[in-house]
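Chain A is fixed; fit chain B onto it per the hints.
Chains A and B are the protein sequences, given in the same order.
Note that the numbering used here numbers the first sequence so that position 298 is 640, with each residue one more than the last.
Note that the numbering used here numbers the second sequence so that position 86 is 100, with each residue one more than the last.
Honestly, the hints are just simulated from the structure, not real lab data.
Keep in mind that the hints are not guaranteed to be accurate.
What the hints assert, rightly or not - Subject to a maximum C-alpha distance of 25 angstroms in a straight line, what follows is the list of computed PhoX-like cross-link-like pairs (lysine-lysine):
hint: 1; chain 1: A; residue 1: K352; chain 2: A; residue 2: K549
hint: 2; chain 1: B; residue 1: K62; chain 2: A; residue 2: K776
hint: 3; chain 1: B; residue 1: K62; chain 2: A; residue 2: K768
If you're wondering where the values come from, they're calculated on a predicted model, not measured in any experiment.
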Amino acid sequence: MPTPLDDRAKAMAELARRGDIESLADEVVAYAAADNDRGRRGSRVANALRLVPAGRGPELLMALLERCCLVTDAEQRQVINQLLETLVKPYSTTGTPDAAEVALAFAARHTAYFGGAEQRHMAELLLEAGRPVPLEVVAMMRRAVAHGYWGSVAALKPFLARLDAPALNPGEAWADRALTDVGSLDPAETTRWHALFRHAATATSAKPSQKWETAGRGLLDGLTEPGDRLRSWLTLVGRPRTVRLNRTQWEQDINESLDPYNATPLRGLVWLASFLPEHPETPRVLGALVETSLRKVAGIGPRSPKIANAGVYALSRIPSENALAQIARLAARVTFKGTLKELNAALDARAAALGLSRDEVEELAVPAYGLTEAGRRVEHFGAASATLDATSGTVTVTWQNSAGKVVKSVPASVRSEHPEQLAEFKAAVKDVEKMLSAQAERLDRQFLGQRVWQFEAWRSRYLDHPLVGTLARRLIWLVDDVPCAYGDGVLRTHEDKEIAAGESVRLWHPIGREVAEVLAWRGWLEDRRVTQPFKQAHRELYLLTAAEENTRLYSNRYAAHILRQHQFHALAAARGWRNRLRLMVDDEYEPATRELPQWGLRAEFWIEGIGDDWGADTTESGAYLRLATDQVRFYPINAPEHYAHAGGGGYEQWVHQEAEPTEPVPLAEVPPLVLSEVLRDVDLFVGVASVGNDPTWQDGGPDGRFREYWASYSFGELSGTAQTRREMLERLVPRLAIAERATVDGRFLVVRGDLRTYKIHLGSGNILMSPNDQYLCIVPKQSTGSSTGNVFLPFDGDRVLAVILSKALMLAKDTQITDPTITQQLRR
Amino acid sequence: MTMVSFVDETTSGERSAAWHLEIFEERLPLREVIRRRVFQEVAEHNAKGGDVFRGLVQPTDTERTRGGFKLRQPRRVDPAEQADRALEAFSHNGYVVLVDDRQVEELDTVLELSRGTEITFLKLVPLVGG
Chain A
343 MPTPLDDRAK AMAELARRGD IESLADEVVA YAAADNDRGR RGSRVANALR LVPAGRGPEL
403 LMALLERCCL VTDAEQRQVI NQLLETLVKP YSTTGTPDAA EVALAFAARH TAYFGGAEQR
463 HMAELLLEAG RPVPLEVVAM MRRAVAHGYW GSVAALKPFL ARLDAPALNP GEAWADRALT
523 DVGSLDPAET TRWHALFRHA ATATSAKPSQ KWETAGRGLL DGLTEPGDRL RSWLTLVGRP
583 RTVRLNRTQW EQDINESLDP YNATPLRGLV WLASFLPEHP ETPRVLGALV ETSLRKVAGI
643 GPRSPKIANA GVYALSRIPS ENALAQIARL AARVTFKGTL KELNAALDAR AAALGLSRDE
703 VEELAVPAYG LTEAGRRVEH FGAASATLDA TSGTVTVTWQ NSAGKVVKSV PASVRSEHPE
763 QLAEFKAAVK DVEKMLSAQA ERLDRQFLGQ RVWQFEAWRS RYLDHPLVGT LARRLIWLVD
823 DVPCAYGDGV LRTHEDKEIA AGESVRLWHP IGREVAEVLA WRGWLEDRRV TQPFKQAHRE
883 LYLLTAAEEN TRLYSNRYAA HILRQHQFHA LAAARGWRNR LRLMVDDEYE PATRELPQWG
943 LRAEFWIEGI GDDWGADTTE SGAYLRLATD QVRFYPINAP EHYAHAGGGG YEQWVHQEAE
1003 PTEPVPLAEV PPLVLSEVLR DVDLFVGVAS VGNDPTWQDG GPDGRFREYW ASYSFGELSG
1063 TAQTRREMLE RLVPRLAIAE RATVDGRFLV VRGDLRTYKI HLGSGNILMS PNDQYLCIVP
1123 KQSTGSSTGN VFLPFDGDRV LAVILSKALM LAKDTQITDP TITQQLRR
Chain B
15 MTMVSFVDET TSGERSAAWH LEIFEERLPL REVIRRRVFQ EVAEHNAKGG DVFRGLVQPT
75 DTERTRGGFK LRQPRRVDPA EQADRALEAF SHNGYVVLVD DRQVEELDTV LELSRGTEIT
135 FLKLVPLVGG
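Extracted from the complex, chain A is given alone in its bound form:
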């Protein structure tokens, strides 16, 4: 009996005989997807492929390779790669220049390829026959050397040194553009550029030496307009590869990352850009470069910390205010530890040079971007003008044409007569947007920074600062311990008493304030329709509980949750916590840690990897998918570090044999503000990253192991956020048409329908139905953006609360529900 796979092999043989290369390659890829015994029938396919007419073998090889580069499934790729190897083998062993050319062209489409000595031999065959070694091949050999692959370094390095190839690897958008641009210049200029590239390729140290810099400046001097060119290339860094590379079995996807060889000349070019005369665009380009180089790729991590750090170094070399602004912005944004360290060092150095504190430098570093009064900038383009308005939290631009009429888009006269000014203005608008969000994040962190400002300095750097003012004027401050906020042009208390001046200023935090005062401020802000840049008046408070007084040294409030590790990891970094991804390996890890130098404390959140099934409990690269959480503790900041094994087993301090481990700080001695802010972070981690949020986990996830956890998370005690939610609902429900049918009761919003009564949990939004507490699964619709039900309001607010309300309104009229996936559950 012929199997379907036999039929496929026959079909392939037929296509091969006919010489229909494209269809044959498609068929092979389809076969590799269907093959479920991992290529053991590969020999039959290989036999079929041998029937391709003589001379068309290379065509088939490249057609199949082209397709393999696009295959995402690892097993399918492995099957095709095995076939490719049998196809390429004859070319790599024949020993003629023609065959060598084919084999090398094939190898060039990989990050690196086996056998440096063989490759050199083949390349020499080409050279002897008077043919060039293609730059793509050189590029692959360089990557092999850069990577130190398979002993190829010794064979290839001296060979590469003999070739006179351009110093950039093609295949990346920026390098391709650089090579094309430079190739179109007059020959003398082209030569000078290539000399610069060669110099850039020697940027192998962490920072340029004096000698390197002098030589680089000399080379730059010989060029016309080097700045524009360098900037235009640097903006292209981080685009997907222009030539996709094939992945072999254990390789990560380099196509989303950066060429490991090119990183060195690129670093050189980044340094060189900082030697050029100041230009407003340079810091912006470098700032974007740092961000794009730190973008994470699965299995690789940040794409190129090396380039990011070079970008930071270059920014630190540029004396302008714009460069400092980029450093300050990045310092508030970047979470990758190594680069963050460089950024902090750059800020500290600038502070030392100016004789200021680090905080003050960050404040002075915020540029006004041409804004005049707090949050507005009017730009004139001849008789036309544009008004940038950032006062309400979002940035808007309004255009007026030369007749003074408001128009919907950029007036034609501006486009044609002021293109450069327009481009600069548009870039400035983007800068303002980015800087505003970075500053809001920085201010949010000042709660724990314990900053106190001298009034006049605060007034100019915050309240009246053209950019920061748009944030500061929507926050509550303590001027000489009197709470006040900005309204109608002056600072005033919530009783509208004006505050003209003072000595010291601090950021107001609701902890330790009278409840009446907090509510008064909420009312004041609501009356004036002020939207705060981050939660201040409505900030959740986390006070010491009776249980924590009992446990004394640690909080169990967020213990025994199951979190998605990668999501947790990203959140932790964003909130200033130090954490490492836990791999299923024999290694020791510190807990997630937030350092609070101003308080002499560090907070620790104890976590461990969970599960022991490689593949089901880990990613492809071995990182745990899930973490189990344990205690939150506080230690003196210089206490010895704690370590625990990746898979758990408890944290221990590493101290000398005779020394005693340092005791944790009793929770009652942790300042309430610190306790509250740290637990708020942890609540966020658990609230967002918990698998309990995922309704598809009703079955308890893999093997049902987490069922109990899921059930208690979904219907258990309320967190701080859920308490706030409850207050909101108590205010909101009486205003709704369902007021008669809905009441807040304990942890639930209870809704009386006609068919049943429903209890919607205020923490998770999950629903239990009377009389038997049966679970009712309703989830937000994954809108693709095309449905008409998509309503937008300017803030996203609390999504769980929106879900709870939506569910309540739907269930109050349960007889009108038509969605069969819901009605089936109701009538069961």
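Relative to chain A, chain B alone:
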């Protein structure tokens, strides 16, 4: 003539800056009030230009972003089409409308408008069974 204010409220208790609309009639069905709101916001968008539409409902061929709905390129938005979408969204519980703290459920309910009437739009989430 009366001046009513529109407020978009979120589920975290934040409210957008209110904006005001002059309405000549003192009695209008809810349907018409929604339509006026949408026409006004589309007119403002079309006058101001830009590639982000910040309005009640999403226009076709746009992408939802933090600051609004991003158009593929700046273009005029069709007010009639937006109004139809807004009414459609209302009937599917896409949002609820509170008039001075009372929810109005029917599009045909006639509202008594007076100076200072506040009309609040509260966003909901489309749901399906799972």
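Hint check results:
1. Using a Cα cut-off of 25 angstroms, the hinted pair K352(A) and K549(A) is violated, with the two alpha carbons roughly 61 angstroms apart.
2. Taken as a hint, the K62(B) and K776(A) pair is honoured in the structure, with Cα atoms around 22 angstroms apart against an allowance of 25 angstroms.
3. Between the alpha carbons of K62(B) and K768(A) the distance comes to roughly 16 angstroms, so the proposed pair stays at or under 25 angstroms and holds.
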